[in-house]
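Numbering follows the numbering used here, in which position 24 of the sequence shown is assigned residue number 1213; successive positions increment by one, without gaps.
Possibly wrong hints are sitting among the right ones.
Below, computed lysine to any residue pairings styled on SDA-like, alpha-carbon distance capped at 20 Å [to be verified]: (1) Lys1323 to Arg1343; (2) Lys1323 to Val1502; (3) Lys1513 to Phe1495; (4) Lys1323 to Asp1337; (5) Lys1513 to Val1502; (6) Lys1323 to Tyr1363; (7) Lys1323 to Gln1338; (8) Lys1323 to Pro1440; (9) Lys1513 to Gly1503; (10) Lys1323 to Ala1266; (11) Lys1513 to Asp1471; (12) Lys1323 to Gln1267; (13) Lys1323 to Arg1353; (14) Lys1513 to Arg1281; (15) Lys1513 to Leu1447.
Label-pair restraints from in silico Cβ distances [claimed, not checked]: (16) Glu1485 to Ala1369: 17 to 27 Å; (17) Tyr1370 to Arg1234: 26 to 36 Å; (18) Thr1483 to Ser1282: 23 to 33 Å; (19) Asp1432 to Asn1271: 27 to 37 Å.
Hints in this document: simulated from the structure, not taken from any laboratory.
Beta carbons are placed, not taken as given, at the ideal position from N, Cα and C, and that holds for glycine.
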Amino acid sequence: MKAHSHAPARMAEHCRDGCCWQQRASASHTDLSRARRDVATLFSRRNTSIWLSDAPEFPLRSPAQDVPDVVLAEGQAQIDWNRPRVAIVGTRSASPHGLLDAAELGALMAEAGVIVLSGLALGIDAAAHRGTIKAGGIPVGVVGTGLDQVYPRRHGELHRQVHRSGALLSQFWYGVGPRAYHFPIRNRLLAVLADVVIVVEATAAGGTHSTVDHALGAGRPVMAIPGSRRNPAAVGCNRLIADGAIPLLEPDDVLTQLGMVVPEPMGSGEVTDSTDSADRDDELLGALAGEPATIEQLAQLLGLDFQQVTQRVGAAIDAGVVLKDRGFVWPS
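Take these sequences, add in the hints, and give me the full structure.
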């Protein structure tokens, strides 16, 4: 991801005009030449790349309305943006089955060589990123803050992993924190960069629908995983399918939508029972009841020994269902 030589000057002009994306770069920089020097120094120090919408390198596969003028990108990986790209999105209040679906999709897309974009939010986003990273794929986090900000705070390690394995993208200047109106802007960028947008779980109303609206406006296909009518986190997906979204019944459906060759099924072998795994995650989340707990506390609540709980928590962390920090297990 290379910065264009003229980009710091363009960036400084945005700063001077007070419209550096949605926030001033620095209120004190009234001198354009000084702003140019400061911006160039900052970008060099952070190894920032700048995408300008009118440059041929801007990774937009097909035209879309309302494309941002400038996008900042950071990351240690060299990414071939000509690869197929999917956005995996969904609710922060995901079910254990939804988290497993998101992690599995991220992993399978990674194995197929597909770039996986998501928003680094709680729930579905985090599970998709973790599944992608675990499979050795390319995660791309599109954020609604400056690239030096971590939101939510508990995603510090995930933020670093995405930066190390893939890329972080933002329309917002360094130091800009989260604001409610930033996330529809983030969702627009997420939608237009994807070839296909996948909704794993969504409630009846929420930010996921903003991403879907932007995707449809940009002519991007939207796929959704159907779910039980008894699951509040599936209501949005079911309605999207009723309104014309493409049902995602098997992961290979995504590859077909991308125009990729679907691999032949492998010979019979050991198959992981995802239903049993989801049931165990349900028990674990029920014991947590939305609050952090230690392994010892979980062992008492679940009636299991320390080793059993440790193994169960480890599997749930890999699936993106829970996090572990400072000795406490947290719902993801």
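- prompt: Which of the numbered hints are not met once you compare them with the structure shown?
  reply: 4, 6, 7, 15 and 16
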